[in-house]
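Protein sequences appear in the order of chains A and B.
Using the numbering used here, the final residue of the first sequence is 1546, and nothing's skipped along the way.
Using the numbering used here, the final residue of the second sequence is 1546, and nothing's skipped along the way.
Because the hints were derived from the structure by calculation, they are not lab data.
Among these hints, one or two may not hold up.
Identical chains share a label here; the pair holds if one copy fits it or two copies do between them.
[Unchecked claim] Restricting the straight-line Cα-Cα distance to at most 30 angstroms, the calculated cross-link-like pairs of lysine-lysine (DSS-like) are:
#1 Lys1540 <-> Lys1517
#2 Lys1540 <-> Lys1486
#3 Lys1486 <-> Lys1517
#4 Lys1517 <-> Lys1480
2 protein chains.
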Amino acid sequence: WQRMTVNGTEQIKRVFTFKNFAQAMTFTQQVAELAEQENHHPAILTEWGKVTVSWWTHEIGGLHQNDLICAAKTDQIAD
Amino acid sequence: WQRMTVNGTEQIKRVFTFKNFAQAMTFTQQVAELAEQENHHPAILTEWGKVTVSWWTHEIGGLHQNDLICAAKTDQIAD
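Model the full structure from these sequences, guided by the hints.
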């Protein structure tokens, strides 16, 4: 995960790679299910063979411990 | 749809808004199904209440008529 600042908001972001669009989309759906379970929602950029997930906490305009937990859970989905 | 240049590649992009994350994700899945049907794949950015779709043709590094057709089909899904 890479820390970065987007529009003044600190975020953590990671790119996950896949063999095709369908596999990327399956991962996107799994991350979306995690987001609903956690009631915490990332930005998910789905492209051919690639999904970029960004976590941050809108309410504080930056990173909260919960973002790091959700990042770890995102990694578990990818494993 | 807004024409823009990303990393030297001309693309068309549109933001679609929704009431929550689940509705945004449903739209993302529908656009993904369109992409597989067309064998042409956009970038889909899914966020809480918002989906940004970008079409371009990788092979020519810019826009092809097919991108405009896929954009119109994306609009039909949103309607």
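Outcome of the hint check:
1. Proximity of Lys1540 to Lys1517 under the C-alpha cut-off of 30 angstroms is found in both arrangements, the shortest distances being 18 angstroms within a copy and 23 angstroms between copies.
2. Taking the shortest alpha-carbon separations for Lys1540 and Lys1486, both the intra-copy value of 22 angstroms and the inter-copy value of 26 angstroms come in at or below 30 angstroms.
3. In the homo-oligomer, the alpha carbons of Lys1486 and Lys1517 lie at most 30 angstroms apart both inside one protomer (8 angstroms) and across protomers (26 angstroms), since each shortest distance falls under that limit.
4. In this assembly of identical chains, the alpha carbons of Lys1517 and Lys1480 lie at most 30 angstroms apart whether taken from the same copy (13 angstroms) or from different copies (18 angstroms).
Comparing the model with each earlier hint shows no violations; every hint is respected.
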